[in-house]
Structure formats: structure tokens, C-alpha cells
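Undergrad: Whenever a hint applies, use it, and build me the whole structure from the sequences.
Protein chains: 4
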Amino acid sequence: MSKKNFKETLKKVDQFKIDEDTNIVELIKSLKNTGFNAKRLALACEIYKEMIIDEECIKFFGLAGALVPVGLQRIIYDFIAEGFIDVLVTTGANLTHDLAEALGYHHLQGSIDINGINDEVLHSEEINRIYDVFMPNKVYERIEDFISKIKIPDNQMSVSSFLSYLGSQLPKTSYSILRICYDKEIPIFCPAFTDSGLAMQLGFHYQNLNLNHFKDMLKMVNIAWDAKTAGVCILGGGVPKNFIMQSLQFCPNSATYAIQITMDRPEPGGLSGASLREAISWGKISEKAKYSTIISDVTIALPLLFWYLKKIKK
Amino acid sequence: MSKKNFKETLKKVDQFKIDEDTNIVELIKSLKNTGFNAKRLALACEIYKEMIIDEECIKFFGLAGALVPVGLQRIIYDFIAEGFIDVLVTTGANLTHDLAEALGYHHLQGSIDINGINDEVLHSEEINRIYDVFMPNKVYERIEDFISKIKIPDNQMSVSSFLSYLGSQLPKTSYSILRICYDKEIPIFCPAFTDSGLAMQLGFHYQNLNLNHFKDMLKMVNIAWDAKTAGVCILGGGVPKNFIMQSLQFCPNSATYAIQITMDRPEPGGLSGASLREAISWGKISEKAKYSTIISDVTIALPLLFWYLKKIKK
Amino acid sequence: MSKKNFKETLKKVDQFKIDEDTNIVELIKSLKNTGFNAKRLALACEIYKEMIIDEECIKFFGLAGALVPVGLQRIIYDFIAEGFIDVLVTTGANLTHDLAEALGYHHLQGSIDINGINDEVLHSEEINRIYDVFMPNKVYERIEDFISKIKIPDNQMSVSSFLSYLGSQLPKTSYSILRICYDKEIPIFCPAFTDSGLAMQLGFHYQNLNLNHFKDMLKMVNIAWDAKTAGVCILGGGVPKNFIMQSLQFCPNSATYAIQITMDRPEPGGLSGASLREAISWGKISEKAKYSTIISDVTIALPLLFWYLKKIKK
Amino acid sequence: MSKKNFKETLKKVDQFKIDEDTNIVELIKSLKNTGFNAKRLALACEIYKEMIIDEECIKFFGLAGALVPVGLQRIIYDFIAEGFIDVLVTTGANLTHDLAEALGYHHLQGSIDINGINDEVLHSEEINRIYDVFMPNKVYERIEDFISKIKIPDNQMSVSSFLSYLGSQLPKTSYSILRICYDKEIPIFCPAFTDSGLAMQLGFHYQNLNLNHFKDMLKMVNIAWDAKTAGVCILGGGVPKNFIMQSLQFCPNSATYAIQITMDRPEPGGLSGASLREAISWGKISEKAKYSTIISDVTIALPLLFWYLKKIKK
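Protein chains in written order, with our numbering: chain P, 79 to 392; chain Y, 79 to 392; chain E, 79 to 392; chain H, 79 to 392.
Be a bit skeptical, because a hint or two may be false.
Since the list gives no way to pick one copy over another, a pair counts as held whenever it fits inside one copy or between any two copies.
[As the list claims (entries may be wrong)] The list that follows gives simulated cross-link-like pairs (lysine-lysine, DSS-like), each with its CA atoms no further than 25 Å apart: (1) 392 / 127; (2) 216 / 90; (3) 366 / 85; (4) 107 / 95; (5) 392 / 107; (6) 95 / 250; (7) 306 / 366.
For the record, the hints were derived by calculation from the structure and aren't laboratory data.
TA: Right, here's the structure in full:
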């Protein structure tokens with residue numbers, strides 16, 4: 079781009095105001111005219127909106143971090159219920175915690191600053207800590223009860239097929255991610271499934287279990303291959319990010335839309351914090367893609383993103 | 079606290095939902111029942127609300143980071159206009175940029191990802207970059223014009239008195255922080271004033287200028303000393319944080335309320351990222367204080383905080 | 079601990095010096111008497127030293143991040159060759175890149191600041207970028223050649239058994255992690271194996287492949303179960319961290335030693351950045367454990383750790 | 079740069095080894111052939127070496143963060159003693175702590191993980207906490223004794239002249255930064271001097287004190303103006319970074335060499351974390367400059383940098 083052209087792309091920063099009439103859509107519109115992460119958030123909102131409007135777009139959604147324990151289960155449930163997600167890739171931990179909530183148990187919140195409360199005491203009390211969220215160990219016992227009673231259709235079925243089966247066994251009235259994905263026929267991929275409490279319970283009870291991970295890997299590649307248009311939204315990073323990205327290399331047009339919300343940064347070189355731009359070199363994201371990385375705790379940025387999408391959909 | 083007591087303090091994490099009726103006050107209420115930074119944001123909203131309701135509370139506000147260039151000038155202006163700030167401590171850069179906007183110039187926003195646009199080209203085009211916000215160098219020339227025409231009442235006046243005078247010279251119709259602070263008689267402290275483009279222009283034009291920094295230091299200590307109740311809200315960290323904190327050591331009850339929004343972290347040991355808890359050891363914050371640090375870009379968290387305060391005030 | 083006792087635990091910070099006679103062991107000793115991350119690094123060096131001296135200690139090692147591409151393959155190779163690792167848990171990416179190096183290909187380094195070089199150009203040149211490290215796409219073609227010629231002993235063998243077989247097929251003269259683990263009979267666990275270029279090549283060529291992940295999960299639990307003493311060193315975080323940690327819950331004494339080198343932080347609640355203290359609540363790390371988290375790029379801290387261990391071993 | 083040229087700039091990543099003969103110079107040489115922050119550290123070492131060899135280079139050094147409390151006083155002292163610094167810009171806090179050490183008092187280190195030790199207790203014990211470093215409050219009393227006895231030559235002298243005078247009053251045998259700067263006639267600039275415990279003691283005792291900050295600002299601009307070649311090394315960020323940078327705009331050739339060691343990042347838009355590239359747009363750093371930002375805790379990277387410089391100087 080020539081010097082002259084660049085200057086013409088610059089726009090005035092609006093010193094926006096917030097008043098009694100402000101709503102989420104207007105706030106995001108205002109943030110679009112700023113910079114730093116506020117602008118990135120606004121850009122992400124617009125990009126996701128386009129992903130929804132674009133009927134050909136297959137929407138990949140990556141889920142890492144303790145999002146169910148912290149209270150975002152319902153938001154993710156609603157992303158799926160609203161049709162904002164076509165393919166879900168997640169850590170096993172979020173499925174384990176989703177199952178716990180579906181079975182009627184709850185996570186707890188508390189201050190980690192209270193004097194004299196420490197991890198040694200928590201251990202003796204059998205309360206597991208996830209930063210400032212807590213889960214009594216007994217929840218695992220109830221998961222075990224549940225797991226011990228299911229009838230696994232096939233020891234060699236793919237992980238995603240098993241997760242779909244698992245969803246079918248959960249109460250329809252719950253706000254379970256597993257259940258809504260079953261109901262809406264949204265595949266759940268979990269490439270590191272054995273890295274979870276849920277899989278450990280399964281392994282202990284069904285010693286011959288060999289859920290197929292390779293079938294899922296190929297299925298995911300095929301979904302990407304068949305996608306005329308692909309969009310991706312990554313919460314956190316980790317395996318869900320990489321698994322979506324490696325598949326998008328096989329999408330004829332690569333991803334056209336890309337969003338990541340993360341606290342990870344590019345400089346240490348890990349994939350979690352890698353810029354979305356970098357994915358262009360790999361052919362994972364298209365040169366013409368619209369993309370935005372928001373450096374933010376997901377717990378703050380995701381509700382805003384959903385609120386915006388919900389409001390504009392109405 | 080005994081084991082039993084701690085368990086009783088734990089509360090259920092609500093898997094909150096967002097729907098058509100959600101407003102900012104309800105969203106913050108929902109986030110209060112989660113964890114991680116979402117909960118910290120909700121806590122900060124509640125704490126600031128209490129600071130406002132508590133009529134004896136002197137509200138100290140620290141401003142670091144390029145908040146005016148990025149588009150938060152009006153939000154900060156409204157914090158002052160609404161009576162949410164009693165004492166402002168800022169970097170000189172924000173005052174320089176505030177002056178630029180007050181004089182009718184604007185900051186620009188643009189993508190830093192556009193191919194072929196780089197800092198070498200920007201330099202030859204005389205456009206200064208602040209991450210993805212831009213300011214033509216010629217703005218400084220206009221600041222210089224303005225500075226060359228003012229009549230400094232006293233070469234040895236305190237920095238805060240000078241800033242008050244400067245505010246009085248700016249158009250009442252602007253959304254200038256300098257102007258609204260003058261109008262509302264809110265002192266502005268700027269302990270590193272000579273570390274700014276504004277001070278450089280002053281220094282070049284008024285070679286005998288020796289604005290008094292020590293007077294301000296003592297004035298600030300006296301304000302803290304006289305405060306029956308003190309509350310503090312820090313954006314970023316840096317000198318504004320430390321300057322407020324060192325003064326609060328002289329507040330008889332230390333700070334009763336404390337909020338910080340920052341991306342800095344405690345581990346490298348700098349004051350910017352130091353936990354608010356640490357300030358208790360120094361007597362800067364009270365043992366009984368309510369406090370919350372939000373690890374977030376200010377550009378995302380501050381508009382939410384203001385939106386909440388504005389809404390509950392109505 | 080009583081007030082009096084705490085005061086007695088405080089030690090003088092030494093204002094250490096570096097001179098001509100300084101060596102790595104003395105430097106680390108000096109850093110022990112400081113604070114912040116320097117002290118954490120020194121503590122980690124001491125802890126790893128104890129792990130090595132303690133003959134009963136099973137040393138778990140977690141490997142996440144692009145450590146082979148960046149040039150740490152030989153350091154990790156030597157960790158294994160020296161006997162500093164008993165169980166390796168890794169991402170699939172590091173194995174893919176290890177294979178590339180073992181087959182004679184190289185990663186490249188370059189500046190990401192050079193004007194006019196961008197990811198679109200890299201894509202058209204078929205050069206994949208990993209921050210400031212680069213890998214020509216053709217390397218994958220050679221991996222494919224290699225993969226197409228191997229004879230997989232059993233389509234349902236465990237991932238770790240397969241990786242051991244793969245190591246046996248590589249040149250003994252290379253500094254391959256896969257090879258040295260085969261030679262030294264060190265098991266490699268890769269719970270998210272299908273999240274890698276290597277696994278994709280395998281999947282494309284061997285459509286009936288269903289390497290068993292559950293067997294590895296149980297094998298890992300058994301190793302932890304049998305360990306009288308356990309020590310853990312985590313580079314980065316991610317699946318390797320969680321997989322080691324979930325297994326350590328079954329270690330009778332939990333981990334006695336724990337080290338993590340990472341740029342991730344606790345506040346966003348993810349497991350990667352979770353403090354090692356938190357793992358005490360889960361019974362993954364012992365209440366009596368010695369542990370240290372270093373907030374540092376692995377590329378800086380790991381060579382220092384290895385250098386120290388190598389020197390004291392002599 | 080053309081496509082072909084870029085490819086030619088790429089170099090092989092060496093899988094370096096560490097053995098018995100490794101020394102710091104060879105380690106840095108090895109790290110040069112890697113990527114991520116290790117390579118940035120190696121680059122910084124080379125750049126500083128060039129700054130020292132280049133006899134025309136004026137070496138600006140910015141000091142932010144609690145570097146004296148944590149144990150780096152002697153390293154910084156030796157940077158000055160060795161002639162590696164020509165102009166020092168610092169926070170007031172480091173000077174306050176330097177004075178404390180010069181007067182014979184010490185900082186303490188301790189674990190912040192010990193159960194039951196908390197900031198409330200520390201406050202009642204009058205021990206101030208700086209992450210995991212501690213300072214008894216009584217140190218301030220002794221600083222007060224010292225301050226009450228000095229004879230300030232001129233109430234309106236510049237801050238840097240005052241600091242030089244202060245250095246002259248300290249024992250020659252100490253490893254005080256203030257003292258060595260006096261001895262070597264290295265100016266110390268402290269633009270936010272009144273934001274420090276030292277300045278508060280001065281203000282309380284000498285009510286008419288009005289140390290001149292503007293004179294220093296102009297002096298600093300003149301030093302930059304006169305520099306044929308300028309090099310800059312920033313520890314942390316904050317006011318010292320900005321104060322050096324704003325002056326370098328007046329250096330005819332801008333900075334030719336630039337190094338920053340920091341944990342701050344560019345995305346939130348603050349100057350502390352701004353990339354060194356960005357400074358090119360402002361004319362602070364030359365288009366032709368060699369520069370390197372190391373994302374690292376200063377406590378780890380600075381000793382390595384000094385060790386390297388000391389070794390190659392020999």
C-alpha cells in the first residue's frame with residue numbers, strides 16, 4: 079500500500095460517551111472507533127456477526143480454560159442453542175465440569191484472600207481449587223456413579239460419537255453443553271480426552287475402552303475440507319486452538335473469519351498465544367480474512383460478545 | 079478463620095444467562111456470582127458504588143496509559159463531571175493529549191497489520207504511533223502556539239496550580255479533563271510532569287520556569303491526612319499509583335476502598351503490578367478495606383465500570 | 079506460624095556481584111538470596127538437584143511450546159541422556175518437529191521485523207512461521223515419505239508404544255528425543271497426539287489406525303501409583319501439565335518436588351497458569367513439597383537450569 | 079525487501095548444546111542462533127557490547143522496578159563502575175532503597191507462601207512488603223536522621239545536582255548507586271522524584287525546597303542533542319523509559335542502539351510495553367538502529383547481560 083493510501087485509511091478516534099440510552103450494540107459501535115483491546119473486541123463482535131449472517135460459514139468454536147466452573151456454561155449453551163456454533167472443540171475438563179453441573183452439582187466461589195485459608199486445609203476438607211472457584215471432591219464420586227451405569231455402544235467408537243451418546247443420557251432440562259450438542263447435532267471434538275477426570279472414570283470402569291481419536295481427526299479434516307466458508311472463534315488457546323487450526327489447512331479457502339480471546343501472547347512462541355496473522359503463513363487463515371485477537375480474560379469479553387450477538391439477532 | 083467458617087463463606091457459582099432484558103446492572107450482578115476477572119470487575123463496580131455513596135470518602139483516581147489518545151477522554155471527563163473523582167493523579171502524557179483534543183485536534187486510529195505500513199514510513203510522514211492509534215506531529219506545533227501565548231502567573235507555582243490555570247484557559251465547551259477539573263475545582267497532580275511533551279514545550283518557552291513539585295507532594299499528603307475515609311481507583315499503574323499510595327500512608331484510616339485495572343502482574347516485583355493486599359503491609363490500604371484488582375485492558379473494563387455507575391446513579 | 083517465627087525466617091538480601099570467577103553454580107547460589115523470579119529460578123535449580131539425588135524419585139517432565147523448533151531439542155535430549163527425566167509427556171507438535179530434525183531437516187530463524195516480509199508472502203513461499211522461527215512446508219513432505227514406509231506393529235497399540243517404535247526407526251546418531259527415549263526406555267506420553275502434523279500423516283496413510291490413548295492414561299496412573307517419591311518439571315503448561323497432574327493424584331505421597339517454567343499466570347483461571355500451590359488442594363502436590371514456578375520464557379530459563387544441573391553433576 | 083532476499087536472510091536454527099566447557103559468552107552465542115526471547119537476549123548482549131565499543135556512544139540507562147530491594151544494587155553499581163552507563167534515569171524508589179543500603183540497612187527476603195503470614199500481620203510488625211522482599215519500617219527513620227542532617231546547597235538546584243550532592247555525602251566504601259555516580263560524574267535524572275520516600279523526607283524537613291525539574295529536562299535534551307551516537311538500555315519501563323525517549327527525539331541521529339528488558343507488552347497501548355519499533359515513528363530510535371526487547375523479569379536477564387559484558391571486556 080502506498081504512503082498516500084495508508085494516510086487515507088486512518089480515521090478519527092471518537093471520544094465516545096456513555097449515557098442513559100447506551101446499549102450493548104451502541105457501546106460496541108463506539109469502541110470500534112477507539113484502539114487497543116476495546117477496538118479488537120468491537121471488531122470481534124462485527125466478525126462474529128458476519129459469521130452468523132454468512133449462511134455458508136461453518137463456525138468452529140474452541141473452548142479451553144475453566145469456563146464451566148467459573149459460570150460460563152449457560153453462555154456457551156446459548157451460543158449453541160442460538161445456532162452460533164457448528165463444530166465444538168474442547169478440553170476434557172470443561173466436559174467433566176459440564177457433566178457435574180448436568181448431574182445437579184455446583185461449583186462454588188469464594189475469596190482466595192481470606193486469611194488462614196490455604197490449599198493444605200482445602201485438601202484436608204476435600205475441596206479442589208480452581209483459582210477462586212471450588213469443587214468438592216465428592217462431585218467426582220457422583221460422576222463415577224453415573225459413568226458406571228452407562229452402556230457404551232462400542233468400545234472403539236470415535237470420541238465425538240461417544241460424547242454425543244453421553245449427551246443423550248443427560249437430562250433435557252439441564253443447560254448441559256453435552257446435551258444441547260446432542261440435541262442440535264453439533265459434533266464435539268476432544269482431542270486430549272484422556273487428559274480429563276471424565277476419561278479417567280471411564281478408563282477405570284471400562285478397561286477395554288479404546289475410543290477412536292484418529293477417526294475424529296479425519297472427520298474434522300473432512301468438515302474443514304467441505305466448508306465453503308470457515309469461521310473460527312477460540313476461547314483461550316491450547317489443543318482446541320491447534321486442532322481447529324491444523325484442520326483449517328485443508329479448508330479450500332482457509333478461514334475467512336477468525337477471533338481469539340486469550341491472555342496468551344506471541345513472544346514466547348507457543349501456539350496458544352500465536353497471532354492470528356501467523357496462521358496466514360500456514361494457510362490456516364486466508365490472506366483476505368477478517369480477524370481479531372482480544373487480549374482479555376474470557377470471563378469479561380465472552381459475555382459482552384454474546385450480549386452483542388443476542389441483541390443484534392433480535 | 080476456622081475450617082468450618084471458610085466452608086460457610088463459599089457460595090454457589092451461578093451459571094448466569096444473558097437475554098433481551100439484560101442491562102449493565104444485572105450483568106454485573108451476575109458476574110459477581112462467578113470467578114476470575116469477571117468477579118473482580120463486579121466487585122470493583124460495587125466498591126466504586128460504595129465510594130460514591132459514602133459521603134465522607136475522598137476519591138483518589140490514578141491515570142496512567144494512553145487513555146486520552148485511545149478515546150477514553152470523554153469517559154474520564156464524565157467521571158469528573160459526575161462527581162466520581164475528588165483528586166486526580168495523572169501522567170503528563172494524558173494532559174498533553176487532553177490539551178491537543180481541547181485545541182480541536184484529533185487522534186487517529188488505524189490497523190497496524192496493513193502490509194507495507196511501517197514505523198519508518200510513519201516517521202517520514204511525521205505521524206507518531208501509539209500502538210494502533212496515531213497522532214500527526216503537527217499537533218505539537220499547535221500545542222506550542224498555545225503554550226507560547228499563555229501568561230504563567232508565577233514561575234514557582236505548584237504544578238497543580240499551574241494545571242488549574244491551564245484548564246481555565248481552555249474552551250468551556252470542550253470535553254477537556256484539564257478544563258472540567260478547573261471548573262469543578264478538582265486538583266490534578268502530575269508528579270512526573272517534566273516527563274511530557276507539554277512540559278517540554280513549557281520548558282523551551284519559559285527558561286526560568288521552576289514549577290514546584292514538592293508543594294504538591296505535601297498538599298497531597300495533607301489531603302490524605304485530612305480524609306476521614308479514602309477510596310482509590312487506579313487505571314494502569316506507574317507514578318500515579320505510587321504517588322497516591324505513598325500519600326495514603328498518612329491517611330489516619332488508610333484507604334477503605336481500592337480498585338486497580340491493569341495488565342501488570344505481581345511476580346516481577348514492580349509497584350505497578352503489586353497486589354492491593356501488599357499495600358496493607360505498608361499501611362496504605364486498611365486491613366478492613368474492600369479492594370479488587372482487575373487484570374484487564376482499561377479500554378474494556380473502564381467503560382463497563384462507568385456504565386454501571388451511571389446506571390445505578392440514575 | 080507465629081509472628082515471631084515469621085520474622086526469624088527472613089534473611090538478608092545479598093547485593094551479589096558477578097566477576098571473572100563467577101560460574102553458573104555460584105550465580106544460582108547468589109540468586110537464591112534475592113527475590114522475584116531470580117530467586118524462583120535458583121529455587122528450581124535446587125529442587126531439580128534434589129530430584130536427581132533422590133534415587134527413589136520418579137521424574138515427570140512436561141513439554142509444551144515450540145521448544146524443538148526454537149533450538150532446545152539438544153538440551154531436552156541431554157536432559158534424557160543424563161538421566162534427568164523418567165517419564166516424558168509432550169505435545170504432538172514437538173514430536174513432529176523432532177522427527178523433522180531427526181530426518182535431517184532444519185528449522186530456520188529470522189527477523190519478524192524486516193519490512194515488507196509478511197505472512198501472505200510466507201504463505202506463497204510455502205514457509206510456515208512460528209513467531210520468529212520458520213519451517214519450509216516441504217519438510218512435511220519428507221515426514222510423509224518416512225511415515226508411508228514404516229510398518230506399524232499393531233493398529234491398536236498404545237500411543238506410547240507406537241512412539242517407542244517410531245524412535246527405534248530413527249538414526250541413532252541423531253539428537254532425536256524420540257530416539258533417545260527409545261534407547262533409554264523412557265516412556266513418551268502424548269495425550270493429544272491427534273492434534274499434530276505427525277498424527278495427521280499417520281491418519282492419512284493408515285486409515286484403520288486406532289492407537290490406544292486410554293491404555294496410556296492408565297499406564298501413567300500406574301506409574302504415579304507406584305512412585306514412592308515423585309518430582310515434576312513442567313515447561314509451559316497445557317495438556318502435558320494437566321496429564322501429569324491428574325496422574326499425581328494417584329501417587330500415594332503426591333509430588334514431593336515441583337517446578338514450572340511458564341509465561342502463563344493464575345488470574346484467568348486456566349490450568350496452564352495455575353499456581354503449584356493450587357495443586358496441593360487437589361492432592362496432586364504434597365503439602366510438604368518443595369516447589370517453584372518461574373515466570374519466564376522457557377528459552378531463557380531452561381538452558382540455565384540444565385547448565386546448573388550439568389555443572390553440579392560433574 | 080524482495081521475496082528472494084528474505085529467504086536468504088533465514089539462517090539455520092542450531093540445536094545447541096551445553097557442556098562442561100560452556101561459558102556465558104558461548105551460551106549467548108548459541109542463543110543467538112535460536113528464537114523467541116533467548117535470541118532477543120543474545121541480541122541485546124551484542125548490542126550492548128557494540129554500545130561499549132563505540133566510543134562516541136552516549137549510553138542512557140533507565141531504571142524502573144524494585145531492583146535495589148531485590149538485590150541488583152551491586153550489579154547496577156558495577157555497570158556504572160565499568161563505564162557501561164553515561165546517563166542514569168531512575169525512579170525515586172530505587173534511590174530511596176539505595177540510600178538505605180548505603181546507610182548500612184538491608185532488605186530481607188522471605189517466602190510469601192508461608193501459611194498464616196499475611197499483610198495485616200506484617201503491618202502490625204511494621205514490615206513493608208515488596209512482593210517477596212521485605213523492609214522494616216524503621217529503615218525510614220534512619221533515612222530521616224540522615225536527611226535531617228544534610229546541608230542542601232541551594233533550594234532551587236536541579237534534582238540531578240541535588241542527587242550528585244547526596245552521593246557525595248555517602249560512604250565511599252558502600253556500593254551505592256548515588257555514590258558511584260557522584261564519583262564517576264554520571265548524572266542521575268529522576269523526573270518523578272517527589273514520588274518517593276526520599277523526597278517525602280526532604281519535603282517534611284525542608285519546607286522551602288523547590289528542586290528544579292525543568293532544568294533537568296532541558297539538560298537531558300541537551301545531552302541528547304549533543305550525542306553523536308546514542309544507545310539506550312531500559313529496565314522495566316515507566317517514567318525512566320519515557321523520559322529517555324522524549325529526549326532522544328532531539329538527538330540528531332536518534333538512538334542507534336536500543337535494549338529493553340520488561341514484562342510489559344504492547345497490546346494495552348502504554349509506553350512501558352510499547353515496542354522499540356514504535357519509537358522509530360516518533361524519531362526516538364533511528365530507522366537503522368539495532369534494537370531488542372527481552373520479555374523477561376529483569377532479575378533473570380540483567381545478571382546474564384552483565385556477566386556477558388564483564389566477560390567479553392576482560
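Undergrad: Hint by hint, work out which the structure violates, then give me just those numbers in ascending order.
TA: none
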